[in-house]
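Protein chains: 2
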Amino acid sequence: MTDPLQPGAAIGILGGGQLGRMLSVAAARLGFTAHIFEPGANPPAGQVAARTTTASWDDAAALAAFAESVDVITYEFENIPTATLDMLQQHRPIRPGREALRVSQDRLVEKDFLRDLGLETAPYADITTLASLEEALSRIGTPAILKTRRFGYDGKGQMRIGKPEEAADALALLAGAPAVLEGFVPFECEVSVIAARGLDGAVTCFDPGENEHRDGILRRTTVPSRLSIARRSDAVLLAGKILNALDYVGVLGVELFVTESGLLVNEIAPRVHNSGHWTQNGCAVDQFEQHIRAIAGWPLGDGQRHADVVMENLIGDDMDQLPALAGEPGVALHLYGKAEVRAGRKMGHVNRIRSRAER
Amino acid sequence: MTDPLQPGAAIGILGGGQLGRMLSVAAARLGFTAHIFEPGANPPAGQVAARTTTASWDDAAALAAFAESVDVITYEFENIPTATLDMLQQHRPIRPGREALRVSQDRLVEKDFLRDLGLETAPYADITTLASLEEALSRIGTPAILKTRRFGYDGKGQMRIGKPEEAADALALLAGAPAVLEGFVPFECEVSVIAARGLDGAVTCFDPGENEHRDGILRRTTVPSRLSIARRSDAVLLAGKILNALDYVGVLGVELFVTESGLLVNEIAPRVHNSGHWTQNGCAVDQFEQHIRAIAGWPLGDGQRHADVVMENLIGDDMDQLPALAGEPGVALHLYGKAEVRAGRKMGHVNRIRSRAER
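Chain order of the listed sequences is A and B. Once you know that position 276 of the first sequence is 275 in numbering that gives the first Met the number 0, the rest is easy, because the numbers rise by one and skip nothing. Once you know that position 305 of the second sequence is 304 in numbering that gives the first Met the number 0, the rest is easy, because the numbers rise by one and skip nothing.
Rather than coming from a laboratory, the hints here were simulated on the basis of the structure. In this text, all values refer to a predicted model and were calculated from it rather than measured experimentally. For glycine and all other residues, C-beta sits at the position ideal for the given N, C-alpha and C. You can take every hint at face value.
Heads up, simulated SDA-like pairs for lysine to any residue below, C-alpha to C-alpha not over 20 Å straight-line:
(1) 345(B) - 5(A)
(2) 345(B) - 40(B)
(3) 345(A) - 8(B)
(4) 155(A) - 189(A)
(5) 345(B) - 8(A)
(6) 155(A) - 78(A)
Derived DEER-like restraints, expressed as beta-carbon distance ranges:
(7) 171(A) - 338(B): 53 to 61 Å
(8) 327(B) - 228(A): 21 to 29 Å
(9) 315(B) - 89(A): 33 to 41 Å
(10) 184(B) - 315(A): 53 to 61 Å
(11) 183(A) - 338(B): 54 to 62 Å
Build out the structure end to end from the sequences listed, making use of the hints.
Following this line, the structure appears as structure tokens:
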């Protein structure tokens, strides 16, 4: 166990999108400076970070200089090339650690990991050939969903298979990428737990939020969720189990399906998570600060919920609602500083706050 | 009335201290970029701003380039040289406007302004000579406090006069600077109102907070204050009167003494104010965002208080308490990224939050 980082220390963040942006602000609030590493020009996070390096993930010199300039390295997304991580970790600790990335970068590895922990998932199968897909479909049934093992997010790299006859076409669309088939499970709702584990092994969870998706993208998270008290403890215990198994340091998002027979794990994300944005206006310490605290070796903060919140993403031309939202009572706006509005692009979010006393 | 600034617009901020820093974060949250102008190297605000210009207040070329790079100019402190403002306003609007600066830069002008509005202040007198000081002391009585008319803050430029015989020495210490003498008034407590006025003339106030000072520096602000409901309306009406008289745009801090006979205005600050930091954890829209909304021509946001908060400044070696504070439940930390801890220097603050439901 190393000493906690002192104010003035530098936090390196891989990725300069909105999550890196909100991590930068949280780092500053604790007296740290943020240094963003991002291949794309003018990243949103760069607008609120002390330093930004614009370089590709295979630029060894830039990676070394970046790593040497910071005290600890973290990331806003899990699909960082392995070779990049290999180079960086020669210089500075990467938190959360490599095991969390190894597991979450690959859907099959992740599902095997969860099953080995004794956690429930939807039925799934490793798909390598049309024969294995046909075999899996006959076992799992339709509809089912074929997903690339790697690099999927916000519904990308996914194909719904409605009937067994669609198997060959679906597989062809993946162009040979390794895949998993997942069965559909009837669920009452989807919730997520934003969990954190400190460098000392302490674990804490934010109140589970209830998620609604549209077109594979999160639209809305509501706290409190409709989870029963018993299910809330199940969710928190399950998240703790995952964190401990990974010897995790930082914030982790766990998406869960709530079914009649219990909770199924949909997926895990080794980072701050869109479904945890409500914490910015519902807690003394939000998920971004909680993550920075953990990777800085600080004690985890007080994530107790003090308000009811509905978080809604502003996607693409949802930005047209801005004038109305700006004047709406109880609304906290969080925009990401992205220059261009594009369909499906996350431009910001709003937290609609209701004091717990008003319920 | 001009159109509201669109996301992507740039906010110019004069001064790079903690107020500029928190204004920058608020600007980013609304999708704006911040550009800091600050003569000192490595300003705290620069760590979270998209751009920083390091140049002196009389560097005409730097001021022009700064002004041309932004859409509107604001400031974190009121003592900006008049010549600087003259140069800047040739290029871009300065909000809050010049009248607010003219009034608040000079204690005598400010007190005359308040009195002309029909507001109560402590007794005061213009001091130019020893004879005028002696005359004022005989009228106002002792103890009294001799203050420079300009450039005072956090108790600097102030001299307490306990007995008439100390008059000559006190005056000599001011070395000929124009001064005012202020009488002490017995007050129950000091409160402040953080008020805002939009470009459209709309006015809103945050709940008044109760202040405690030590050595001339604010130590603690508590909301709710002990003000009666009637006095709260008095405070809010009075703040609105000041805002309207100045045709003000932005956030203004009004410090008030609560006495048996009513409210006296101690001083006004044409900017976000230390006693409004509690709003960061008590409201959907805090004073920093409210200020940015106003100067950007946006509707004012919802500043309704949803929690009880006690704000405490971390001054100098208060920073030694950091490990304990980091682990304290209900505490939100806000550090300013200042490299060096010095006695009397504001290093950060904490907001201790209590849900309104817990009262």
